[in-house]
Amino acid sequence: MNILRFYIGKTILTTSLITLFALAIIRVLFTLIDEMNDFGKGDYQFMDGLIYSLMLAPKYIYDFFPMAVLIGSIAGLGILASRSELTVMRAIGKTTGQIVWAALSYGLILIAFAIFLGEFVAPKTTQAAESLRNRAIYGEQLVKSGQGMWLKDGQQMIHLAEVLGESRLKGVTIYQLNQQQQVVRITTAASATLVDNAWQLANGRHTLVSQEQIDTQKFDAWQWDTQISLEHLAVLRLKPENFNALSLYDYRSYLKSNGQDTKSYDLEFWRKMIQPFSTAVMIILAASFIFGPMRSVSMGARVLVGVITGLVYFFTVRAFGPVSLVFGLPAILGAMLPPVIFAGIAWYMLRRAG
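Here the numbering used here is used: the first residue of the sequence shown is 482, the next is one more, and so on.
Some clues are possibly wrong.
With a straight-line cut-off of 16 angstroms between C-alpha atoms, the simulated EDC-like cross-links for lysine to aspartate or glutamate are [as the list claims (entries may be wrong)]: (1) K491 / E566; (2) K720 / D544; (3) K633 / D706; (4) K605 / E722; (5) K744 / E722; (6) K720 / D706; (7) K522 / E611; (8) K720 / D634; (9) K744 / D731.
Everything labelled a hint here was simulated from the structure, so no lab data went into it.
Take the sequences, apply the hints, and build the full model.
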């Protein structure tokens, strides 16, 4: 059985990886085409867009992983079925369960690869890609760091600790400079809210700096005159999919302790936790197709069904999560229900196939 396990596993690994990289290349090309609209902004040119798109490839590979494993497993097992090798295996006494287990045992290699990619590679390359793009477009007007974001607006240097949603800032510090680039006023505020296209700072103070003295004036509310746009601030907004699981857990705990909404971060955290289970489900689902309704169809039909089923799964996962949050369902349910449903379908078809 070890030789058969190796042979089945090698076939599925090969077809899954080919499918995975093919999908990633297609997605990179679509990203590059989409980026063409921004060519010419600042110093952002074709080569910057190409590097940006390529640096997002690890994220795309991780996103497409369950779908690619499904298509690759259907193709791999389909190759074995078209050569009657699965029939021979069953004729010498190997059960359907043993063949599926052989596929799953080598699927663990794919699962380990996905975990490594999603936890250690994709978050870093995605953040580096965004930084490269932002530097090229905004230049020195915007610098993002691990401690927030620095912006330049005329004679103001601004530091923002955090962007919360599309209309709220946390930890605002504004350094007002004179023509000699000397600091003449420092304004700090705990938060800022966008009201009628104007930023309202709350619970802050002005520190007036002169050669003679330093004066401090507190305020409850103050309207901030600035040209900073939401497009600039969107750069700092922390997208849940750009975190690894550990960072997601830490950040959602931080938001919860500060009374902030954590639903989107909870959902992404549980998606990452369930990703290995989803990959295993896709392998079992592929086997249920091959041993069930697609036993005698052509390879083209198998691949087509794999692509359609993979797309259905991909969009179900993407759509059901946000919908579940809208209806107040727990995030873990929104992340787990799609793979559980597909697992049930796979189990039913394998039972029927014997």
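Exercise. Take a quick look at whether K744 and E722 sit within 16 angstroms of each other, Cα to Cα.
Key: holds, 13 angstroms
Practice problem: Below or equal to 16 angstroms on CA atoms is what counts here, so check K605 against E722. | Solution: Since the Cα atoms of K605 and E722 sit roughly 12 angstroms apart, the hinted pair holds (cutoff 16 angstroms).
Practice problem: Would you check the hint for K744 and D731, treating anything up to 16 angstroms between C-alpha atoms as holding? | Solution: With a Cα-Cα distance of about 14 angstroms, the restraint between K744 and D731 holds, given a limit of 16 angstroms.
Exercise. Measure nothing beyond the straight line between the CA atoms of K720 and D544; if it is 16 angstroms or shorter, mark the hint as holding.
Key: Given pair K720, D544 holds - Cα atoms ~14 angstroms apart, limit 16 angstroms.
Practice problem: Starting from K720, check that the Cα of D634 is at most 16 angstroms away, please. | Solution: violated, 25 angstroms
Quiz item: Is the hinted pair K633 and D706 satisfied, with a Cα-Cα distance of at most 16 angstroms?
Solution: The hint holds at about 13 angstroms.
Practice problem: Verify the proposed pairing of K720 with D706, using a straight-line Cα cut of 16 angstroms. | Solution: Measuring from Cα to Cα gives roughly 28 angstroms; hence the hint is violated.
Practice problem: Given the hint that K522 pairs with E611, test it: the Cα-Cα distance must not exceed 16 angstroms. | Solution: holds, 15 angstroms
Quiz prompt | Given pair status - E566, K491, alpha carbons within 16 angstroms | solution = The given pair, whose Cα atoms are some 14 angstroms apart, holds under the 16 angstroms limit.
Of the numbered hints stated above, those contradicted by the structure are hints 6, 8, listed in ascending order.
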